[in-house]
Amino acid sequence: MDTLLTAEIVANSPQFRRKSSIFVDAIHDLPEKADLAPAQLYSTESGRLFHSGRIVIITVGLPARGKTHISVALARYLRWLGVKTRIFHLGDYRRATIPSGEDMPDDYFFVNGKSSSASSVLLRQKIVRKCREDIYHFLNHENGQIAIYDAVNPLPSGRRSLAKEFAKHDIETLFIESWCDDERIIEENVRRVKISSPDYVSWNPEDAVKHYLTRISSRIPQFQTMEEKDLNYIKMINAGERLIINNQSFGYLSNRIVFYLLNLHIKSRRTYFARAGVSLEADSYKADASLSEQGEDYAKKMTECLLAHRESEHRATGEQGETGYEARPLKVWTSTRRRTVETAKYLYEKGYTVRQRPQMSQLHPGVCEKMSEERIRAEYADEVLKHELDPYHHRYPRAESYHDLAVRLEPIILELEREQNDLLIIAHESVLRVLYGYLMACNAADIPFLEFPRDEIIEIIPESYQNEARRIHIPQLPQEIVPASPEDLKIPVPPSGIVSPIQGLNSPQGGASTPQSGLRTPSGIRTPREPERILQEHVEDVV
Amino acid sequence: MALIDMRYVQSDDSKICVVMVGLPARGKSLISGKAMRYLGWVGVPARVFNVGSYRRNNTPQPAANFFDPHNEEGERMRRAAAEAALDDMISWFNAGKGVVAILDATNSTKKRRQWIYEKCSEANIETLFVESICDDEDLIMTNILEVKTTSPDYKGQDPELAALDFRNRIRNYEKVYETIDDGEKHYTYVKLINVGSTVIINQIKDYLSSRLVYYIQNLHIKPRSIWLSRHGESEYNLTGRIGGDSNISERGEAYARALPELLRKSGIPPNTKIVIWTSTLRRTIQTARHLKAETGFEKLEWKALDELDSGVCDGLTYEQIAEKYPEDFAARDEDKYNYRYRGGESYRDVVIRLEPIIMELERSENVIIVTHQAVLRCIYAYFMNVPQEQSPWMEVPLHTLIKLTPRAYGTDEERFKADIPAVSTWRGKGSSARHQDYTAANPKSPEQEAPSEAPAEAKEEK
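Protein chains in written order, with my numbering: chain W, 1 to 543; chain X, 544 to 1005.
Fair warning: there could be bad hints in the mix.
To be verified - A few chain X residues that face chain W, going by a derived Cβ cut-off under 10 Å, partial list only:
hint	residue
1	Glu703
2	Asp852
3	Asp857
4	Phe872
5	Ala873
6	Arg883
7	Met902
Said to hold, decoys possible - Cross-link-like lysine to any residue pairs, in silico, SDA-like; alpha carbons within 20 Å at most:
hint	chain 1	residue 1	chain 2	residue 2
8	X	Lys846	W	Arg395
9	X	Lys846	W	Arg242
10	X	Lys748	W	Arg242
11	X	Lys972	X	Val929
12	W	Lys229	X	Ile736
13	X	Lys748	X	Asp871
14	W	Lys286	X	Asp871
What the hints assert, rightly or not - Covered stretches of chain W, going by a simulated chain X footprint (3 or more residues, C-beta under 8 Å):
hint	region
15	304-315
16	351-365
17	371-385
18	393-403
19	438-444
Hints are computed from structural coordinates only; laboratory data are not their basis.
Fair warning: this is a prediction, and the values are worked out from it, not measured in the lab.
Even glycine gets a Cβ: it sits at the ideal position worked out from N, Cα and C.
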């Protein structure tokens, strides 16, 4: 093996390339603390769920069929469930090996040995070998449970030998094929994710799409859809219009994946988060009190602000002349707690659909209800210590931990994926933290520290590769209701400044951004991170 | 304040007709029955319309040639039965109570399916076709012998002859059977081939359908049992207080020690692995402690199995609740299933949080669950199909192990009492504000009762 080449691949390894910040989705980051997952049901010594083995999920499909979208969405869900998951995009390995600026050999993607040169075959093998070594390392030595191997895998022979090879290492395989014969979906995909590449700067979009598609078909001449009855596979046809499941030996996780994929769609829609208004008995959980006058005022201003924002967005899109654009309807979800239902009142009166979801009740405070921090520290000194060690998983007596809350919210997550309309979620800060944590792939340890000031509506914009969040400032709210909720659980946390989960990226109102852009670790140290945009390159990899 | 009453939890207000498709003996009725039970339990009003039972009104015990497609009289009568079933279904929907109807029949031709699809579309009802295909002859014969020979069509006939007649009846259907194919790709459908080894899911449009499909996919037919037990008597039980997170009493500890033997006595097939599930509260963990230590079974603690949260009433006795919150006390008796304790939960809320547990239970094999009264009532209600009005009032005594064994058409129940006395925590509807005294309510107190060996078999209604 060419050691120089290997060293180069390692140095350029995807692990060093993909760093996001907390205001951009962290799905491509490798969690630093592996033992913290938002909705893990239980933990074991190995860190793996015991009723499922190790699985390599292998994607199958031509470029522009949404494989990356599926890989990323699945990784987001699985990690949130507490399954240690990592995506291995073969394209990253190729890019790490072939320096940017240099073109890859024209015959690089010809899977048929006869039509590609010896040097290309060798290069390809090296890249694949490195990627596979990393997969083994992750599964064997880093307690990984699911590796997602994102490549084209066009031929049955190659797929069978992959399954066989992994089986030798006692690793199950699940193939997920994305198959598409609807030209509109393919073109839309190309337009959305592929032609943003530097190759197509200053191209007319229509020409760029055509050029891209021609390149795919000349470079990957052979592709055979999956019919291998001896393999475990899920075939998604036309972005979820139909699913074919060939179940040879599906375990717990494979079944969960099917359910998740059943709800996944590729339509782009927005999710908004807003806090509930201030209530009359803000410090009591059990009272479940109605909104105070200030709360009513907030509900009104929040509604006006959101509708004005949507209106201006709609106008802007119309002016850009995007074809086929229609305003998506807005739906509202609240919990069954009085405060959240009443905050949706104005929207309800305007005719928007409002649904109450009992799963979205706030974190239960248990014995800590109505207690000052001082008193909790005095009465439950031991618990406070434990809490400071692990604020995400620790539960005060009779209380829920964030982890409990995340498990309780799982059905909501699936419905969130299913929903095709824009969605406003009005909930308590603790619920927003967990939902935000899912959509933005936050590390579980950071979730209890996310803050959602009341004068901001958070807007999440999904992209195939990663989600983006931005915030909308609600003007003219009295200062005293803005910071962390007074009705919030008085769970002691280490002294801190304010942490807002996102920076005011592209805020349409030019909203004031909080001066920080860092993530506070429980020890109070901030690790500043710069946002990095990752571009999709033009062709994917075949093996 | 606008009152937004949203009892149901499914995503849209659409009405769905689940149309079963498949030859006889493909498990259609099994899937229909389970789906109805599941939906009813999560609060989605559902009903099965079995075309066979409409047909039986006119021809109670037809011979196989009745089902021959060339038998015009038979064909006409079967068509009439389908029409009657569909009409009843549509008027059930129009009465405004239904959300999901399950049309249980073979629906084996494209023509028949198109007719159903059109009828439903006219009435604004979404259709979800569920086709079960099986070409494993052994599986089919097992199904026939187990299920069909006990069918009302063959009441009082020789099982061997009945099976043979039934096989012939199937042949008649096979002559005209058309599987769902690409000509029907505009339908929402699921095709299950050989008990789910291949599944095709087409055009799922809403969350409720996806949940149903996921549920159906998780069903398996391997034999297994589920054991349910409350925690051993707790310190709060002794003082009549509800909720809390107290330790188990001395008698509770005795039950914990007796549990491994009680489980053995209930009958476990050799080499069976059982997984122990508890809540996160002390009393269930303590109750399962010895069982775990003696058997080495895997154990999971689920927050979702914690007791119903009684909010402001947590830690009070029923007398105290009646005194402090008299209106709440009465309101709870009025509609216990929907009553949500101030700042706490209702039974409906508990069912919603238990749904993932039920999905997991359907997928799992042998499980023993040590949990709390309200939670146990909800899980029991799912398996035994207890209506919502009744389930919160069900009596589930302490120190008793319930063994549930799912069968094709229902669930067998056996109860095993440990000979360890405990207080009763049961309070009848409208009764005074105290736990009912076992000895007063029932002259034969459980303390003196020998452990019940004779299984009380409760067959679920078909």
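Which earlier hints can't be squared with this structure? Failing hints, ascending: 1, 4, 5, 9, 13, 15, 17, 19.
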